[in-house]
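These are the residues of each chain, in order.
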Amino acid sequence: MREARLFMLLLVLPALSVVLALFVYPLGLSLASAFTAKDGTATLENFAKTYQLYGDDILFTFLIVAVSTVVIGALAAAIGGYLILGENPRAVAFLKWLYRWPLFIPFIVAAQCMRTFLAKNGLMNNTFDSLGLINLQSAVGLLDWRGIIVTFVWKQTPFVALLVAGAMASLDRSTMEAARNLGAGRVRILVEIVLPQVAQVMVVGLILSFVTMLSVLSVPIMVSGGSPAMLTVDMAFRINSYGDYGTANALGFISYAMTGIAAWVYLRRGVSGGGRP
Amino acid sequence: MRTAIGWLLRGGALGCLAFLIFGPIANLALWAVAVRWYFPYKLPLVYGFKYWHEVFDPRGDAIESLSTSLFIALFTVAACLALAVPAGYALARGRLPWRGGILLAFLLPQAMPSLAVYFNVAHIFYSLGLNGTITGVVLVHTVHGLVFAVWIAAAAFTAVDHELELAARNIGASALGSFFTVTLPLAAPGIMASAIFVFLESLDEFTGTYFVGVPDVVTLPLLMFTASVAGNYQIAAITALILLVPSVGFMLFIERFLKADVLAKVGG
Numbered sequence: 000m001r002e003a004r005l006f007m008l009l010l011v012l013p014a015l016s017v018v019l020a021l022f023v024y025p026l027g028l029s030l031a032s033a034f035t036a037k038d039g040t041a042t043l044e045n046f047a048k049t050y051q052l053y054g055d056d057i058l059f060t061f062l063i064v065a066v067s068t069v070v071i072g073a074l075a076a077a078i079g080g081y082l083i084l085g086e087n088p089r090a091v092a093f094l095k096w097l098y099r100w101p102l103f104i105p106f107i108v109a110a111q112c113m114r115t116f117l118a119k120n121g122l123m124n125n126t127f128d129s130l131g132l133i134n135l136q137s138a139v140g141l142l143d144w145r146g147i148i149v150t151f152v153w154k155q156t157p158f159v160a161l162l163v164a165g166a167m168a169s170l171d172r173s174t175m176e177a178a179r180n181l182g183a184g185r186v187r188i189l190v191e192i193v194l195p196q197v198a199q200v201m202v203v204g205l206i207l208s209f210v211t212m213l214s215v216l217s218v219p220i221m222v223s224g225g226s227p228a229m230l231t232v233d234m235a236f237r238i239n240s241y242g243d244y245g246t247a248n249a250l251g252f253i254s255y256a257m258t259g260i261a262a263w264v265y266l267r268r269g270v271s272g273g274g275r276p
Numbered sequence: 000m001r002t003a004i005g006w007l008l009r010g011g012a013l014g015c016l017a018f019l020i021f022g023p024i025a026n027l028a029l030w031a032v033a034v035r036w037y038f039p040y041k042l043p044l045v046y047g048f049k050y051w052h053e054v055f056d057p058r059g060d061a062i063e064s065l066s067t068s069l070f071i072a073l074f075t076v077a078a079c080l081a082l083a084v085p086a087g088y089a090l091a092r093g094r095l096p097w098r099g100g101i102l103l104a105f106l107l108p109q110a111m112p113s114l115a116v117y118f119n120v121a122h123i124f125y126s127l128g129l130n131g132t133i134t135g136v137v138l139v140h141t142v143h144g145l146v147f148a149v150w151i152a153a154a155a156f157t158a159v160d161h162e163l164e165l166a167a168r169n170i171g172a173s174a175l176g177s178f179f180t181v182t183l184p185l186a187a188p189g190i191m192a193s194a195i196f197v198f199l200e201s202l203d204e205f206t207g208t209y210f211v212g213v214p215d216v217v218t219l220p221l222l223m224f225t226a227s228v229a230g231n232y233q234i235a236a237i238t239a240l241i242l243l244v245p246s247v248g249f250m251l252f253i254e255r256f257l258k259a260d261v262l263a264k265v266g267g
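Sequences listed follow chains X and A, in order. Each residue of the first sequence is one higher than the one before, starting from 0 at the first, in numbering that gives the first Met the number 0. Each residue of the second sequence is one higher than the one before, starting from 0 at the first, in numbering that gives the first Met the number 0.
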């Protein structure tokens, strides 16, 4: 038995060492470098510099990612809710077919799509102009922070909706039907019965999206032209233009910290909910 | 009357959603076949495949980038499967010390913002002479892909009934023999799905390649990025379409490969 366990460990070892060498070790290096001055002494000066140069960008990044996460959550709940509570089978089937399209489209392709679609003379404004909703001559594009949020929501909503819809499909339908028989509206059933039961899955999906959005470099550069910049753009700039690893890693530390806050919120929820799995 | 209003509301909402989902893709497709298009014209003035010839010119950059991308993706899949199949099997059979910690280590590359890690990897690779090499890029893609490969492989092996393996052993198959003739074929659809997934992730990967691949390894996403930032919208749109087709194809076919019983066991 002991040998069997050792053998199993040997099977995992190659994969584990690749992750340790090429992810965990550089991650540790990044954390250490954030707190190290050029002469090798421990310091907080990287953070002082980061705050001074990029204080606004830190706030900006957090707001963009937070707003995107909230919108993604609301849309995923609405899509999942309609899929389970919708009463028109054809509309449900169409939505099921429709919502997943952007699921595997890479961020860089999504960014290129939005870069043209949301521009002042993009297909969106052109369509609105043809419908008489706006005047193209005086229209403005959305290629700024709004464009970043639209791109993130467009790309990440299907992922969260897929998880949430899967969790909703495996719920016991009898409570929903009982509430329906007692005269509860569909929105009320969704908010009061369905969502609390799938909250855990929803939060996991949203945290994974939150982390993904914090790591994307292509979207802020291509959609908003990098101004005002998100942290990823600032890090790439510090590295490519100055080889300034101290400041770049301090920015990296801040992005880990944002993830940490998200994870903490998740864990705290778990505890306050009586430690439900 | 009420049903008519219901239909109108439903149709309107679904129509808006369809416009928001397909509009950006349609705009990309239009740019791919536009030869001349400028403000204030709402549609291209001249359509054609002029830029397709430019992109698919055998001596052009795009063909070279495409083959670089495919080469890297194939090697990444090979590396990921070689690492993930044994690891997934060990995790599925569950007699592993520190199983939770190991699963967590494989999750880490997805649970942490990765950009800061990538430029530190590039920093390390620089001193090893791996920057700007195919090997370096394959290594970075492998770490990224391992998360999915290991988790999906573990789920696929968990879905295989352990009794079948024991039955094969009972009638005289060796441990290795029963693995290759019983377990692996039964887990093959799940492994196949993880291979396709890793292939696509590698094909689409941008950030890691951006830091580790410079200046010599130009994959398709990097070529697309350069074209887009330089304002060559047609070239960017055509290369984006090349990346888009396999992604959408996978989305449409994923359910054939990833059976519900495997999906239910991911993360278990």
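Do not rely on the hints blindly, as some may be mistaken.
[Unchecked claim] Simulated coverage check for chain X against chain A, where a stretch passes if three residues somewhere in it have a Cβ under 8 Å from a Cβ of chain A:
id: 1; region: 28-37
id: 2; region: 90-102
id: 3; region: 215-224
id: 4; region: 228-239
id: 5; region: 244-251
[To be verified] The following residues of chain X were derived to be distant from chain A, with all beta-carbon distances above 10 Å:
id: 6; residue: V18
id: 7; residue: Y50
id: 8; residue: L84
id: 9; residue: I107
id: 10; residue: L132
id: 11; residue: G182
id: 12; residue: V186
id: 13; residue: L194
id: 14; residue: Q196
id: 15; residue: A198
id: 16; residue: T258
id: 17; residue: V264
id: 18; residue: L266
Calculated from the structure, these hints are not laboratory results. The structure displayed is predicted, hence computed values, not measured ones. Yeah, the Cβ is synthetic: ideal placement off N, Cα and C, and Gly gets one too.
Hints violated by the structure (numbers, ascending): 6, 9 and 16
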